[in-house]
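Chemist: Generate the whole structure from the sequences, applying the supplied hints.
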Amino acid sequence: DAKTTQPPSMDCAEGRAANLPCNHSTISGNEYVYWYRQIHSQGPQYIIHGLKNNETNEMASLIITEDRKSSTLILPHATLRDTAVYYCIVRTTGNQFYFGTGTSLTVIP
Amino acid sequence: EAGVAQSPRYKIIEKRQSVAFWCNPISGHATLYWYQQILGQGPKLLIQFQNNGVVDDSQLPKDRFSAERLKGVDSTLKIQPAKLEDSAVYLCASRVAARVWGTDTQYFGPGTRLTVL
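These protein sequences, in sequence, are chains V and Z.
Residues are numbered in my numbering as their position in the first sequence, beginning at 1, plus a constant of 8.
Residues are numbered in my numbering as their position in the second sequence, beginning at 1, plus a constant of 8.
Hints listed in this document are in silico derivations from the structure and should not be mistaken for laboratory results.
Incorrect hints may appear among the rest.
Partial list, computed: chain Z residues near chain V (C-beta under 8 Å) [to be verified]:
{"no.": "1", "residue": "Q25"}
{"no.": "2", "residue": "T39"}
{"no.": "3", "residue": "Q49"}
{"no.": "4", "residue": "F73"}
{"no.": "5", "residue": "P89"}
{"no.": "6", "residue": "A96"}
{"no.": "7", "residue": "L99"}
{"no.": "8", "residue": "G110"}
{"no.": "9", "residue": "G117"}
{"no.": "10", "residue": "P118"}
These figures come from a predicted structure and were not determined experimentally.
Even glycine gets a Cβ: it sits at the ideal position worked out from N, Cα and C.
Modeler: Next comes the structure, spelled out in structure tokens:
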């Protein structure tokens with residue numbers, strides 16, 4: 009069963025920040041939030057993950073609310089190559105990764 | 009570093025036939041996962057291996073699906089007999105299983121697209 013809820017689709021103008029929300033209201037204290045993206049006909053690609061604190065890497069930033077019931081993935085300057093399906097995932101303490109249905113992000117020129 | 013390899017990339021079979029998929033994980037990765045991704049949906053975990061042992065196969069339809077990882081490296085996933093609803097992309101992923109929990113992630117192969125006619 010999916011442990012996350014995401015909007016099915018979003019648009020973003022090229023060069024602007026893309027903010028992708030995710031709800032994970034049933035997440036347990038030791039479960040991580042992971043984000044992956046999937047470009048058509050490819051396997052999912054890792055983006056970022058976090059437990060409680062906000063995280064940043066060369067691809068994106070992850071903002072996790074204090075109660076950990078939701079998070080937001082931020083792509084600071086979206087490009088056309090960022091058009092993909094973005095998955096918010098809960099990693100359980102048993103190391104299972106539960107994918108939801110994802111958000112299809114379209115970056116518009 | 010070589011990524012996760014899968015073969016074949018595409019397979020078309022008729023219902024009631026058998027099919028097998030192969031996965032070679034990243035070298036040194038102890039954990040291996042098989043996922044099923046039906047068109048328009050997110051990947052669904054089928055089975056998880058730690059070395060050559062099964063950790064979780066609760067979502068594997070065991071009446072027709074089987075998987076093995078005999079030497080703790082390569083893995084095969086088999087469907088026998090196939091049904092129309094098995095048409096999907098079958099993804100393999102591997103993870104190193106880091107000593108500090110939560111510091112690693114899983115890496116995916118390109119998947120095998122199965123069409124059952």
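Chemist: Each hint: holds or not?
Modeler: Against the structure, the hints come out as follows:
no.	hint	verdict
1	Q25	violated, 24 Å
2	T39	holds, 7 Å
3	Q49	holds, 6 Å
4	F73	violated, 17 Å
5	P89	violated, 27 Å
6	A96	violated, 13 Å
7	L99	holds, 6 Å
8	G110	holds, 5 Å
9	G117	holds, 5 Å
10	P118	holds, 5 Å
Checked against the numbered hints given earlier, the structure breaks hints 1, 4, 5, 6 and satisfies all the rest.
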